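Asks: Those protein sequence lines, which keep their order, are chains F and R. Be aware that the first sequence starts at 66, since it is given in this note's numbering, and climbs by one per residue. Be aware that the second sequence starts at 66, since it is given in this note's numbering, and climbs by one per residue.
Honestly, the hints are just simulated from the structure, not real lab data. Possibly wrong hints are sitting among the right ones.
What the simulated footprint calls covered on chain F by chain R, stretch by stretch (three residues with Cβ under 8 Å from a Cβ of chain R suffice, anywhere in the stretch; the number is not a length) [said to hold, decoys possible]:
| no. | region |
| --- | --- |
| 1 | 397 to 405 |
| 2 | 428 to 442 |
| 3 | 529 to 541 |
| 4 | 549 to 560 |
Residues on chain R that point at chain F, a partial pick, calculated with CB under 8 Å [what the hints assert, rightly or not]:
| no. | residue |
| --- | --- |
| 5 | Arg237 |
| 6 | Glu323 |
| 7 | Leu327 |
| 8 | Ile407 |
| 9 | Glu412 |
| 10 | Gly414 |
| 11 | Val417 |
| 12 | Pro421 |
| 13 | Glu423 |
| 14 | Ile513 |
| 15 | Val517 |
| 16 | Asp527 |
| 17 | Phe529 |
| 18 | Ile531 |
| 19 | Thr601 |
| 20 | Arg603 |
Under the rule of at most 27 Å between Cα atoms (straight-line distance), these lysine-lysine pairs were calculated in the DSS-like manner [as the list claims (entries may be wrong)]:
| no. | chain 1 | residue 1 | chain 2 | residue 2 |
| --- | --- | --- | --- | --- |
| 21 | F | Lys285 | R | Lys285 |
| 22 | R | Lys463 | F | Lys354 |
| 23 | F | Lys409 | R | Lys474 |
| 24 | F | Lys463 | R | Lys285 |
| 25 | F | Lys285 | F | Lys463 |
| 26 | R | Lys444 | R | Lys493 |
| 27 | F | Lys279 | F | Lys409 |
| 28 | F | Lys313 | F | Lys372 |
All figures in this text were calculated on a predicted structure; none of them were measured in a lab. Glycine is no exception: its CB is placed at the ideal position from the N, C-alpha and C atoms.
Protein chains: 2
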Amino acid sequence: MARPTLRVIPLGGSGEVGKNMTVLEYGNDAIVIDSGIMFPANDMHGVDYIIPDFSYLTQRPHLKIHGLIITHGHEDHIGAVSHFVEAFPRVPIYATRLTAGLIKVKLSTEHHALIKMINAGEPFTLSVFNVEPFHVCHSIPDCVGFAIDTPHGLIVHTGDYKFDNNPIDGKRPDYARLASYGQRGVRLLMADSTNSDKPGWTPPEITIEPAFDKVFQQAKGRIMVATFASLISRIQITANMAQKYGRKMFITGFTMREYVKLAREINYLDIPESILGDANKVSSYEPHKVVMMVTGSQGEPSAVLSKLAHGRHRQMEVVPGDTIVLSSHPIPGNEEMVYRTINKLIERGANVVYDPLERVHVSGHACQEEMRLMINLTKPEYIMPVHGELRHLVQHGKIAVECGIPQDKVIFAENGMVVEMDKVSVRKSSERVPGGYVFVDGSSVGDIGKAVIRDREILASDGFLIVNVNVNKQTGDVLGRPEIISRGFIYLRDSDDLLETIRGAVLDTLKTNRSANGKRQDVLQESISRTLYSETKRRPMVFAVVNEV
Amino acid sequence: MARPTLRVIPLGGSGEVGKNMTVLEYGNDAIVIDSGIMFPANDMHGVDYIIPDFSYLTQRPHLKIHGLIITHGHEDHIGAVSHFVEAFPRVPIYATRLTAGLIKVKLSTEHHALIKMINAGEPFTLSVFNVEPFHVCHSIPDCVGFAIDTPHGLIVHTGDYKFDNNPIDGKRPDYARLASYGQRGVRLLMADSTNSDKPGWTPPEITIEPAFDKVFQQAKGRIMVATFASLISRIQITANMAQKYGRKMFITGFTMREYVKLAREINYLDIPESILGDANKVSSYEPHKVVMMVTGSQGEPSAVLSKLAHGRHRQMEVVPGDTIVLSSHPIPGNEEMVYRTINKLIERGANVVYDPLERVHVSGHACQEEMRLMINLTKPEYIMPVHGELRHLVQHGKIAVECGIPQDKVIFAENGMVVEMDKVSVRKSSERVPGGYVFVDGSSVGDIGKAVIRDREILASDGFLIVNVNVNKQTGDVLGRPEIISRGFIYLRDSDDLLETIRGAVLDTLKTNRSANGKRQDVLQESISRTLYSETKRRPMVFAVVNEV
Numbered sequence: 066m067a068r069p070t071l072r073v074i075p076l077g078g079s080g081e082v083g084k085n086m087t088v089l090e091y092g093n094d095a096i097v098i099d100s101g102i103m104f105p106a107n108d109m110h111g112v113d114y115i116i117p118d119f120s121y122l123t124q125r126p127h128l129k130i131h132g133l134i135i136t137h138g139h140e141d142h143i144g145a146v147s148h149f150v151e152a153f154p155r156v157p158i159y160a161t162r163l164t165a166g167l168i169k170v171k172l173s174t175e176h177h178a179l180i181k182m183i184n185a186g187e188p189f190t191l192s193v194f195n196v197e198p199f200h201v202c203h204s205i206p207d208c209v210g211f212a213i214d215t216p217h218g219l220i221v222h223t224g225d226y227k228f229d230n231n232p233i234d235g236k237r238p239d240y241a242r243l244a245s246y247g248q249r250g251v252r253l254l255m256a257d258s259t260n261s262d263k264p265g266w267t268p269p270e271i272t273i274e275p276a277f278d279k280v281f282q283q284a285k286g287r288i289m290v291a292t293f294a295s296l297i298s299r300i301q302i303t304a305n306m307a308q309k310y311g312r313k314m315f316i317t318g319f320t321m322r323e324y325v326k327l328a329r330e331i332n333y334l335d336i337p338e339s340i341l342g343d344a345n346k347v348s349s350y351e352p353h354k355v356v357m358m359v360t361g362s363q364g365e366p367s368a369v370l371s372k373l374a375h376g377r378h379r380q381m382e383v384v385p386g387d388t389i390v391l392s393s394h395p396i397p398g399n400e401e402m403v404y405r406t407i408n409k410l411i412e413r414g415a416n417v418v419y420d421p422l423e424r425v426h427v428s429g430h431a432c433q434e435e436m437r438l439m440i441n442l443t444k445p446e447y448i449m450p451v452h453g454e455l456r457h458l459v460q461h462g463k464i465a466v467e468c469g470i471p472q473d474k475v476i477f478a479e480n481g482m483v484v485e486m487d488k489v490s491v492r493k494s495s496e497r498v499p500g501g502y503v504f505v506d507g508s509s510v511g512d513i514g515k516a517v518i519r520d521r522e523i524l525a526s527d528g529f530l531i532v533n534v535n536v537n538k539q540t541g542d543v544l545g546r547p548e549i550i551s552r553g554f555i556y557l558r559d560s561d562d563l564l565e566t567i568r569g570a571v572l573d574t575l576k577t578n579r580s581a582n583g584k585r586q587d588v589l590q591e592s593i594s595r596t597l598y599s600e601t602k603r604r605p606m607v608f609a610v611v612n613e614v
Numbered sequence: 066m067a068r069p070t071l072r073v074i075p076l077g078g079s080g081e082v083g084k085n086m087t088v089l090e091y092g093n094d095a096i097v098i099d100s101g102i103m104f105p106a107n108d109m110h111g112v113d114y115i116i117p118d119f120s121y122l123t124q125r126p127h128l129k130i131h132g133l134i135i136t137h138g139h140e141d142h143i144g145a146v147s148h149f150v151e152a153f154p155r156v157p158i159y160a161t162r163l164t165a166g167l168i169k170v171k172l173s174t175e176h177h178a179l180i181k182m183i184n185a186g187e188p189f190t191l192s193v194f195n196v197e198p199f200h201v202c203h204s205i206p207d208c209v210g211f212a213i214d215t216p217h218g219l220i221v222h223t224g225d226y227k228f229d230n231n232p233i234d235g236k237r238p239d240y241a242r243l244a245s246y247g248q249r250g251v252r253l254l255m256a257d258s259t260n261s262d263k264p265g266w267t268p269p270e271i272t273i274e275p276a277f278d279k280v281f282q283q284a285k286g287r288i289m290v291a292t293f294a295s296l297i298s299r300i301q302i303t304a305n306m307a308q309k310y311g312r313k314m315f316i317t318g319f320t321m322r323e324y325v326k327l328a329r330e331i332n333y334l335d336i337p338e339s340i341l342g343d344a345n346k347v348s349s350y351e352p353h354k355v356v357m358m359v360t361g362s363q364g365e366p367s368a369v370l371s372k373l374a375h376g377r378h379r380q381m382e383v384v385p386g387d388t389i390v391l392s393s394h395p396i397p398g399n400e401e402m403v404y405r406t407i408n409k410l411i412e413r414g415a416n417v418v419y420d421p422l423e424r425v426h427v428s429g430h431a432c433q434e435e436m437r438l439m440i441n442l443t444k445p446e447y448i449m450p451v452h453g454e455l456r457h458l459v460q461h462g463k464i465a466v467e468c469g470i471p472q473d474k475v476i477f478a479e480n481g482m483v484v485e486m487d488k489v490s491v492r493k494s495s496e497r498v499p500g501g502y503v504f505v506d507g508s509s510v511g512d513i514g515k516a517v518i519r520d521r522e523i524l525a526s527d528g529f530l531i532v533n534v535n536v537n538k539q540t541g542d543v544l545g546r547p548e549i550i551s552r553g554f555i556y557l558r559d560s561d562d563l564l565e566t567i568r569g570a571v572l573d574t575l576k577t578n579r580s581a582n583g584k585r586q587d588v589l590q591e592s593i594s595r596t597l598y599s600e601t602k603r604r605p606m607v608f609a610v611v612n613e614v
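Isolated chain F (complex conformation):
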């Protein structure tokens, strides 16, 4: 009997391919890489966050998922683990120590037993898959990529990576291991494409230290450092500076406090107890003795930084003399919110330090030269660029071709596309599985589909208008005054003329349409819509309710 085909399916929850989840499948056996969330685009109105679409997996009861293997502890890779566990409550989760700790914070205690600790360099077997995690550098410690031996050859998945030759935690890239995969023969390289449009080499994380040093040297008042809760190395750099310049360090925000506690416990953060202060007592310290870690570097309205910027924080306010460091880059789509936050902080008298003014942030992802290095180390037969929008993948593909990989061995798959691998070749199949978004809004998952978002789009743009009118059941005559409810369309109090025009249109229409109720409502809605458009050139949602009394 012929061996089954191996199937590789990126199932991202975002415009980035395979960023949040990837499935590897061989016959009835499968493993899943990562389970992360993404933030909604600006036009995904009201959506809190996005998770990968699990329906391909849930609809295949014969498929045995032997493990969820995790590359690292950032939200876009672990943020949907709790949703995954809900859907697949028996699948073990494989993660390195720090990553495992961060996942535990997200899971209820009963599920902690699902987590299996792994170490870079120590392979483990999940049915037909032999998985070797290998150490990579990124902007959080304990990151791995995976070298996965399959019945059709070796797959190397880089995870998020950069080649940092001078990493904060001292753990250098494992060049030897990558080279050894190259010597054994890599069938398929799946590699991070995030910075494929950026020439050169991403600077080491340590290169932001001088900028931090300058800030600490010059600041006369409090310092606040805003970054992601999971950017552990930034927290380490800040702690080093706090120690050097004799400031007490305060961690604000539940998640960041949990993460710091955990990372210190397992020695991934080296912060002496003596320099940590109780955030509730920060006001009792002199400003020049204080450095605070805050969240909200993406301008998120509910985070500490945004509350401070808009004067909505309960305990604290920003005052002249404060120095605020934004140690992150805006994720595309967040620029406006980030810059608005910066402007508001400046308005309150703060000195705001951000890239490009000072290098207080570097990327955690490889640039073009590092991508070339990765390809030349692993010497793959095929490459499938992942982790990026299509434009990044295509650019990564060009780099691969420059490195000698034939164009027809560069595979561009989008989320939900099935890549097949057998002894003959690796190729994109024509099969597509549900690989799109699942929206999480409020307490519910997935009940907000495209139709609802489209309605929100219309409501956001032009609002709605409802006319409620009573008619005599026998004669069809209008009784009383049509009631009008409208929001988001125009300011009704200043629009008496328009309201009268609408009422006129309603009466006219009902005079000539005494037919059955359903039809009459449709005719009425159309007539009102027409009136509104000709008066205002806008198209609010229009509803007519005709009560027969």
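Fit chain R to the known structure of chain F by using the hints.
Replies: Okay, now just chain R, sitting in the frame of chain F:
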């Protein structure tokens, strides 16, 4: 009698200070600089564009506006001229030749007589103001700044500028004139801050030519160049390349065609008739003989590029082999739309060329070294950074202090703040005038206020739900089944349980509340809102209509 104070008031329609409009006022005499539009932020739902708030001017009938003086022909400086003319139909408009032509396109013929042609280096007098336009380089020809002699000293307003030593149109910066102002003594410099966070010197416009040359050399199929309609120098560079590589050039879009026609007529564009083709006949040419200019480089959904990307264009479609050049940078807030457009074009097989992949765009604004040069040439006593968000102004201020201007002579004003100038000093007063946004939506100006936008925000996030219920006038008993209309909240068809819960809550509430109608509706709305929140953790707008029958 003491001389009146001179008042300088930035009245922008955007987060950028004084970008779209500035008022200079001395006693009862005033002049206005520029009247432009801005694009709405992502959370200004449904707004088409923003114009400056004219209400400060309209509410001061004693104020005589002697002229609207225009720096250059970009939309953020001339886009609201038609609104200005509507409000002040007798105020003459002073503009250089190309700018005047671009304004004419926007005004009805009867208003063309308002436009007075001016030339760089030729001063004119508007009551107490002696205005000398001086040539500056930017990304459209015929740009000027203004040196304005006032009773309290010389004000130099740079307009948008860069020091381009090798400009496409051959017209170099007028260093001598700027230096002469410095020698005469500049009281106040108002200078462009757009790129104050960028070190160095903005490259000349001509430095994009090699990237264009490479595109034309390598492209095997059609080339499309996307840029702003008013980026005349990009159109010139494209025309030069079309001529060099034997392609026919097609201008698409009404505005760009009008602008090209006008600029050619008055010799600001040098495009021989022979290389221009009729855009309606583009399909009859071989692909490698075609270059098209298209609009939509900011991802605007209604522009040609976005229609092509999403397959919504009536006559044309993008096919493999097409090369598309995005010759512009995303304006902050547009990144997501621009990148989505790029991804969609790539999906259709196009080769998309954009910065940073190739340098096909350079900024039209000065970087830090040019700002230093401007300050050192004009040697102002005071500086008021303009044209930028607060963060840019503050950075520009730091540069000014480095150049020797005392900190207390750096003036940061926001839109609507009044800067006073007399013989003693220039200073920010405590007076604030309406300096905010006026929204233009559909056919109407200004009737969309913050309240409507806030409603749209809520609707965009959680939608609405309306319950319509009939009750017996005498008994208060509910008649029939409550009708529910909802959009943007959840997908109703899949929500039978929730609908039943709502109906149950309605019946319960009305059973215990048989009081007067107004109060009863309020109680009902509150009860429904509570039910929805506890069931879904969302807060749609809720309305209850109780009909007594």
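Asks: Need the list of violated hint numbers for this structure, in ascending order.
Replies: Violated: hints 2, 5, 6, 7, 10, 13, 21, 25.
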